[in-house]
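Q: Read off the chains here:
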Amino acid sequence: MAAAASTRMSPPARTALWGFVLLWFVIAAFPFAWTVWGSFKVEGDFFSKADWTFALTGTLTQIETGGAFTGDGYYGAWVQEEFWKATLNTAIMVVCVVAISLTFGTLGGYALSRSTYRYAFWLLIAALLFRAMPPIALISGYLLPFYQWNLWGHLPTAIIVLVAINQPFTLWMLTSFFRNIPKDLDESAMVDGCTRFQAFRHVIIPVMWPGVITTGLFSLLLAYNDFAVTAMLLSKENQTMVPKIASFLGTTQTKGNIMFAVAAVVSTTAPIFLLVMFFQRQIVSGLTAGAVKG
Amino acid sequence: MAFGQSFVGDVKHKSFFLFILPSMAAMVLFIALPILSVLVQSVFAPHEQVIVEVKNCGPFGCTESTMIDQEATEKLRAEQPLGRFVGAEIYMNRGHLAFGEIGQAWSASEGLGDFVSRVLNLPFYGALAFTLTYTAVVTPLAIAFGFVIAIAVNSLPRLFRGPMIFFSLLPMIVTPLIGALILFWMIDARGILGSAIQSIAGDPNLSLKASTPLTWIMLMVYGIWSSAPFAFVVYYAGLQTVPQDTLESAMIDGATRWERIRYVVLPHLLPLTTFMALIKIMDNFRVFEPIVSFSAAAHAQSLSYFIFQDLGGETRLLSSAAATSVLTIAGVAILLSPVLVRNWRDFNRMRA
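Protein chains in written order, with our numbering: chain H, 171 to 464; chain W, 73 to 424.
Possibly wrong hints are sitting among the right ones.
[As the list claims (entries may be wrong)] Listed next, the stretches of chain H that the computed footprint assigns to chain W, with coverage defined by at least 3 CB atoms under 8 angstroms from CB atoms of chain W:
| # | segment |
| --- | --- |
| 1 | 191–199 |
| 2 | 235–247 |
| 3 | 302–316 |
| 4 | 320–334 |
| 5 | 374–385 |
| 6 | 431–437 |
No lab work stands behind these hints, which were simulated from the structure alone. Quick reminder that beta carbons are idealized off the backbone N, C-alpha and C, glycines included.
Just chain H, with the same shape it has in the complex (with noise of 0.2 angstroms):
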């Protein structure tokens, strides 16, 4: 039917939709392309005074180094300024934010899911405000007791924060999914003689994949794009690779070192690529799940 619209569609109204297609396809990828480019040239031509067209010809980098492209800012960051060691940080970290997140999000989600008792309700309302909380307005909660327990600076602390401002967004996405497993098939379970919790083991564990594997990738990019709690809790050796870009920026502005926060980007952005390219169904499909159902 929409291919049907299409071909019905005046020629001057399908020229105008599909120009302006063609320029959200720019504004959309080309800066994503202009500085994967750009991260493999020398800061005076990334940046440059004289002329934009250095950027592509690589003129200084040619001076500088010999090469149209160089790895420069990629070695300056990853080698001198030890970014492996932030990107460690963010895979430990992420890895168990999504599975803590996850477990936690499945008994709960399922437990709203099943109930319409009134305090499940008011549950998933306090969810909703809590997930409305801006994550520095919590933040500055957190300094305090942290400090005098000792326990600011450490990833677990981090993790578990995050796990904690990830909750809401989890519980309401699982508990979405969970009302589309009928409760016939857990009813019947239990009418057989399972206690709840066997039920959900053996009954609704085995399908709950596709909606488990929606919402890790949500929490996944909650934990990875975060820079609030991790800028603000992690101390500088156990910092994650987002607020270590953001300390590029604030201590290195020096000549050349723009560049490392430029090659920090590209090599933190080239995970998110892959995983939309992989998963944009589960993606699409995520981001879609509250709304089409109100």
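Mind docking chain W on chain H? Use the hints.
A: Positioned in the frame of chain H, the structure of chain W alone reads:
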């Protein structure tokens, strides 16, 4: 369901709480208690230094001088880490609600415009003004832009739609700090967009970073760029479920394309719009990362950035940050109150 079994469908109270316990514990410990913690912190201020008077007697008589008793100060701070109770003082000071300054501005100002500009120079009101403007501008524009993209992509041949969705997702999915940095580097005076704008404006010294209105516009452009994809994806999914028979009967009745969009598609998508507006208002209200990336703090501050600034730096101004946090949380509650009321009505209808 037969009698006696009527509770099978509902989780019993005990197992409900066992299931929800880990999740609840995490939220109570790290969301609810911190909210209480900021409330408490916001009415305490750090201890002042303990001052002692010392008599110095020398050959020319005695002089009295004051000095800081380091030991006593340390002791006091260790004993009462919260500081001293000051009540609403922090809320009233110049950095927050600043009623005193507003009163002065009112009596000193020559007209309404002058008064408003004086108030906006106060840091809290400046941040509030930017945050609200950003939310009010970015939310509708991003939704509208996303809608047009959805219509346009939906008119493409099927082959191109998947790749278009892939590229469209990028500005939204990418780390906000990084997305903003990528744009920021391009509009730098030495970046590609920056030099393009300079040559269009014919002013080789034009710097977007140096002007307050241009900084605001840049931040909002980033906001629209990064949140339009969400609207696009939701609307695009909605477009796939538009009732086809209604569309076709509209076509048979001679409705133009525009009329079909206006009378069939838009009403179908309206419920999605309320949902999206809610999510986007929540997200835009806490705008934060782009201000860090654009190093725009001199020209634009949001409430979140205001808190961040108090927390970072040499002296951590915990009390001040806590007061701003409480005010921000109050703002979120006010923004969300209509949604809560609506949800409550829906819930009652569902139960009835």
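Q: Please go over all the hints and tell whether each is borne out by the structure.
A: Going through the hints against the structure:
1. Remark: the segment 191–199 of chain H is confirmed as covered by chain W, as 6 of its residues place a Cβ nearer than 8 angstroms to a Cβ of that chain, reaching the required three.
2. As drawn, the segment 235–247 of chain H meets chain W at 0 residues by the rule of a beta-carbon pair under 8 angstroms; below three, the given contact is violated.
3. Counting residues of the segment 302–316 of chain H whose CB falls under 8 angstroms from any CB of chain W gives 14; the rule of at least 3 is met.
4. With a cut-off of 8 angstroms between beta carbons, the segment 320–334 of chain H has 4 residues touching chain W; three or more are needed, and the interface restraint holds.
5. Under a criterion of three residues with beta carbons nearer than 8 angstroms to beta carbons of chain W, the stated coverage of the segment 374–385 of chain H fails, only 0 such residues being counted.
6. Against chain W, the segment 431–437 of chain H contributes 3 residues with a C-beta closer than 8 angstroms to a partner C-beta. That satisfies the three-residue criterion, and the hint holds.
Comparing the model with each earlier hint shows violations of hints 2, 5; every other hint is respected.
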